[in-house]
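Undergrad: Protein chains in written order, with the numbering used here: chain A, 1 to 361; chain B, 1 to 183.
Among the clues, some could well be false.
As the list claims (entries may be wrong) - Below are the BS3-like pairs computed for lysine-lysine, each with C-alpha atoms no more than 27 Å apart in a straight line:
hint, chain 1, residue 1, chain 2, residue 2
1, A, K357, B, K72
2, A, K137, A, K147
3, A, K83, A, K147
4, A, K137, B, K82
5, B, K36, A, K357
6, A, K230, A, K137
7, B, K36, B, K108
8, B, K108, A, K357
9, B, K72, A, K83
10, A, K230, B, K72
11, B, K71, A, K83
12, A, K357, A, K83
By construction, these hints were calculated from the structure, which means they are not laboratory data.
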Amino acid sequence: MSGRRLSCKAGFGSAFAGVFLVLVAITPASALAELERLAESEMSEIDGAGIGLVFDNFTFSHGTDRPDAEGNQARIFRISGIKSTDGREVDITVNHLYIAGANSNYGENLTPVNLGRLVNPWRIDIVDGNGIGVPDKAVLELAAPSKIPGAEGFDCMGASAAAGSGQCSSRPATADWIGERADIGMQMNVAVGDDRSANLNIHARSAVIDGSYLRLWGDDQRSQMAGQFKLNFYSPEVSINACTQDGTACGSRITMSDFALELAIGNSLQPVFFDVDGGGNFILEVETIRSPGAGQIAANGLRAGSNAQTWDFYQDYYSNPEYRSNLQIGNFSVGDRDFGAARVEGMLIQHLQIQTKDLAP
Amino acid sequence: MIFPYAVPVLSLSLMAVLTLPARAEMAPLEDEALSKVAGQGGIYLSGDISINEMGGPVENAYFGRCDETDKKCGARFAYRLKEDGGWMVLDEIRGLFAFEGLTLRVRKIDSGFGGDGELFDRDVIELGLPDTVRFTDVHFKVAASSTARPTDPGFIQTDIFAVQMQGDVIMQGNLLVFPDGNP
Chain A
1 MSGRRLSCKA GFGSAFAGVF LVLVAITPAS ALAELERLAE SEMSEIDGAG IGLVFDNFTF
61 SHGTDRPDAE GNQARIFRIS GIKSTDGREV DITVNHLYIA GANSNYGENL TPVNLGRLVN
121 PWRIDIVDGN GIGVPDKAVL ELAAPSKIPG AEGFDCMGAS AAAGSGQCSS RPATADWIGE
181 RADIGMQMNV AVGDDRSANL NIHARSAVID GSYLRLWGDD QRSQMAGQFK LNFYSPEVSI
241 NACTQDGTAC GSRITMSDFA LELAIGNSLQ PVFFDVDGGG NFILEVETIR SPGAGQIAAN
301 GLRAGSNAQT WDFYQDYYSN PEYRSNLQIG NFSVGDRDFG AARVEGMLIQ HLQIQTKDLA
361 P
Chain B
1 MIFPYAVPVL SLSLMAVLTL PARAEMAPLE DEALSKVAGQ GGIYLSGDIS INEMGGPVEN
61 AYFGRCDETD KKCGARFAYR LKEDGGWMVL DEIRGLFAFE GLTLRVRKID SGFGGDGELF
121 DRDVIELGLP DTVRFTDVHF KVAASSTARP TDPGFIQTDI FAVQMQGDVI MQGNLLVFPD
181 GNP
């Protein structure tokens, strides 16, 4: 095919004709052998795909605000620009931020980890909104590995879970495989003016965020960007403690074992909207649910006697677990004291508006 | 064949030179042999990127050189989330990034990955992350603004927070990129 096209060009007699002829002489044998026509039916089967991403043997580590042992320059990641009520500068300095393999001993021993599986990677994709409750829209989706059926999945908490024990696709580390669950942690401190707090350490062991996603699309009625955010975060142990600036003394460790957060901000009926108002303030809004149209609910609340479509609409809205946020902590302990389990389940955001306000005089 | 332009002598002589050795060396490859040919090699990149180290190209009442204390010298990136709404802004973007040893190649995966490699059995683009990325005085601000440009009438801006990064970030491993997902 390409061979034939090239010989046509040679016929135009440009200065490069000779070079083309040489190419023609060399290529046809191999090129013609490889290329074949596709039938219409075959063409229709071809479609674009999203992008899959896998981090292979990955380690990330950022910073300490002290020069290292060899006297290299201090490493800083600092968030500033916030003022206290009495006008002093507030800065949040992150001394250390890491993503590494399991058993890192609270970030002391950083080893590589994989993030995402080849058979279930991180994805950047344009998905058909009809399949996810956003009718007739193309939706941009950034997604972590999806959850999979319990028959093949791994328990999201268990640091030694076996196949068939849960719904997470990412596997815990074993003797033969580094796994897809990362130890994540950070050390930070806050300074108000010259008063700097102790270092606060936050660590999560063998963390999984399978089933999390961010979906973005445009809302026609409001001519605005709309979104849907789901964060699943599972870890067998999340801990927080505070240490002095030089790290010599630490307070008791607050440990939350079997920590599971399933946070849903925005859903297909109530997307989350982002905006900036005329005064330069950022606004995040989850709209109240739109009315499903005319249709009464009977006084006794039963489906019989109500408009069936309306009743089903509200039934789905109030019973769909996808729209709700959950937080479960297996055991909460401070030092050697156990406080037992804590659960906050089935939170539904019916309306939310967050607006920044500039307090500067 | 007739060449109507003045240059053909050159191209003809090129042809003569090129064809002799080429003909002698090259032979058609059978399909089977061709199917075993795979691309080799890749790209190795080192970079040193500086953004507005001394100041940007725009100089007016608001933007200027970094040594002018009353002017802003960082880059500004504004985007709007609603028709006729305000603007989200990344403001005063400045700094230096340096990295060495970013690699790019195509890799065939048919083993490893805790058993996934065998199931996968495809080519991926492998981006080898540089071991360290050096940040020198990297700054940016997240802000919300009433107009896209600070020189537009009615400009009001609220700075939400500022980020400053300095030092070496350890970033090891490979990023594998491949087609996946829904059509």
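Undergrad: Does each hint fit the structure? Answer for all of them.
TA: Right, here's what the structure says about each hint:
Taking the CA atoms of K357 of chain A and K72 of chain B, the gap is near 23 Å; set against the 27 Å cutoff, the hint holds. Restraint check for K137 of chain A and K147 of chain A: the C-alpha separation of about 24 Å stays at or below 27 Å, so the hint holds. Proposed proximity of K83 of chain A and K147 of chain A is contradicted: the alpha carbons are some 42 Å apart, above 27 Å. Between K137 of chain A and K82 of chain B, the direct Cα distance comes to roughly 17 Å. Compliance with the 27 Å bound is thereby established for this hinted pair.
Between the alpha carbons of K36 of chain B and K357 of chain A the distance comes to roughly 64 Å, so the proposed pair goes past 27 Å and is violated. Only pairs whose Cα atoms come within 27 Å are accepted, and K230 of chain A paired with K137 of chain A is accepted, the gap being roughly 19 Å. A threshold of 27 Å between alpha carbons decides the hint, and for K36 of chain B with K108 of chain B the separation of about 13 Å falls inside it, so the pair holds. At most 27 Å may separate the alpha-carbon atoms for a hinted pair to count; K108 of chain B and K357 of chain A exceed this at roughly 53 Å.
With a C-alpha separation of about 21 Å, the suggested pair K72 of chain B and K83 of chain A falls inside the 27 Å cut-off, and the hint holds. Of the supplied pair hints, the one linking K230 of chain A and K72 of chain B is violated, its CA atoms being roughly 38 Å apart against a limit of 27 Å. With a CA separation close to 22 Å, the supplied pair K71 of chain B and K83 of chain A stays within the 27 Å bound. In summary, the hint linking K357 of chain A to K83 of chain A is supported, as the alpha carbons are separated by about 13 Å, within the 27 Å threshold.
Against the hints set out earlier in the document, violations occur for numbers 3, 5, 8 and 10.
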